[in-house]
Amino acid sequence: MAETLRHAWRLARKDLLIEFRSRTAILSAAVFTVLVLMVFNFGRDPTAVAAVDLAPSILWVTFTFAAMLALNRAFQLELENQALDGLLLAPVSRASLYLGKLLANLIFVAVVETLGLPLFALFFNVAVLPFVAPLAAVIALASVGFVAVGTLFSAMTARTRFAELLLPVLLLPFMIPPLIWAVLATAALLAGRPLSEVAGWLRLLGAYDIVFVALALVLFPATVSE
Amino acid sequence: MKLLRGGRWITAAGLVLLAAVYVRALAFTPIERFQGPAQKIFYVHVPAAWCAMLAMGLVGVAGILFLLLKDPRFDRFGEASAEVGTVFSLVMLTTGPIWAKPIWGTWWTWDARLTLTLFLFLLFLGYLLLRGAVTDPGLKARYSAVLGICGLVLLPFIHLSVYLFRTLHPQPIVLKPSAPSLPGAMLVTLLFSFGVFTLLYVGFVVQRYALSILREPAEARDHHA
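Residue numbers (our numbering), protein chains in the order written: chain U, 1 to 226; chain W, 1 to 225.
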């Protein structure tokens, strides 16, 4: 178990190091996030709809799109020079390979979300600070869920034609349950509801995470082994 | 090929019986007091929904069996079931709004069942798109199995989420479907229709399965070319 986790961390570190050296993907994702937030600003009539009514949806649609960009990258990285074959030959278990990719994707998505949240608060004049801790919990739990499924699917779509298009088509139906719960939880938080009202959504998000991370760990070997 | 001919006969029998369902539903089943003739679509809509669910369930089961046993027959079955399921979910998604417009006063509403069935349709489409995008037959089978299993696990979650989502709000009174306690004649028609649709599902799947066997040499040639 400890071995698996250590290998996973090694693999994640490798991915993050590649990312850190080039910084193309993370910068693109950050710029993309800013642009999506801007598009939303112009996509609503400010005199008719209050920002706070739309805010939860804006936040989550932005995060969803940004995560999608990150996920496409994870396995495409390994296609160059058949790096994936090298990884598969390395003496690490398939589970640690999946966990490593999951971890790298999560860190990537977390960075984008950390940049996105203050911008969101700024652009839409939403006071995020009073409930930043529960909001972070919602964001973390929802992200783990859809990044877990997304990492599994991107292992498959990376080796298909139209990978960039196919991943969202496959993944969006799987993003909907965590997205619905996250939007509802965010709306409750923004409206200043007590934390007890959010606990139910958090539990559901946690259940989704556990089920899909476990399922992905079981199914992942089938997507890579020859 | 025997299998293909068998599938054709089953389908032909299903289609003849489908005509019988129509005749029975339109002429020999009482008109529902509150909904009027619009309720007749129920005898097509509900069995189609049943077949779509059945198809998705079997796609998932075929995926599990394929990953465990590595038998290509399960993959072929999954493909056939997904294609047939797509058609049935399309039937369900078109007949639903036709009924909903006069009864609910709206073509579409984000009710739990409607959302669930729309996702079912999208899952089928995603499954077929993935199959179309992978050229290697071995990869295609494994990928589809993985997606089919994930889809099977997702459905209860979607059901749970939309169910909770909607019940947090008061239900509009028009949109509230009352628990149907069917009178005998209607129940008989419905069960008859269920049987016929299931038969049609079997007939279509058998034909599609036989076709994919016939197609296999051509696909293998294309892949190596």
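Where hints are given, some of them may not hold.
Stated by the list, open to error - Just so you have them, the derived chain W footprint on chain U, three or more residues with Cβ under 8 angstroms:
1. 59-67
2. 109-118
3. 205-213
Stated by the list, open to error - Just a sample of chain U residues kept apart from chain W, beta carbon distances all over 10 angstroms, derived:
4. S28
5. F32
6. Q76
7. D85
8. P130
9. L152
10. L166
11. A222
For the record, the hints were derived by calculation from the structure and aren't laboratory data. Source: prediction; values computed, not measured. Virtual Cβ for every residue (Gly too), placed ideally from N, Cα, C.
Hint check:
no.	hint	in the structure
1	59-67	violated (count 0)
2	109-118	violated (count 0)
3	205-213	holds (count 3)
4	S28	holds (24 angstroms)
5	F32	holds (24 angstroms)
6	Q76	holds (15 angstroms)
7	D85	holds (14 angstroms)
8	P130	holds (23 angstroms)
9	L152	violated (7 angstroms)
10	L166	violated (5 angstroms)
11	A222	violated (5 angstroms)
Of the numbered hints stated above, those contradicted by the structure are hints 1, 2, 9, 10 and 11, listed in ascending order.
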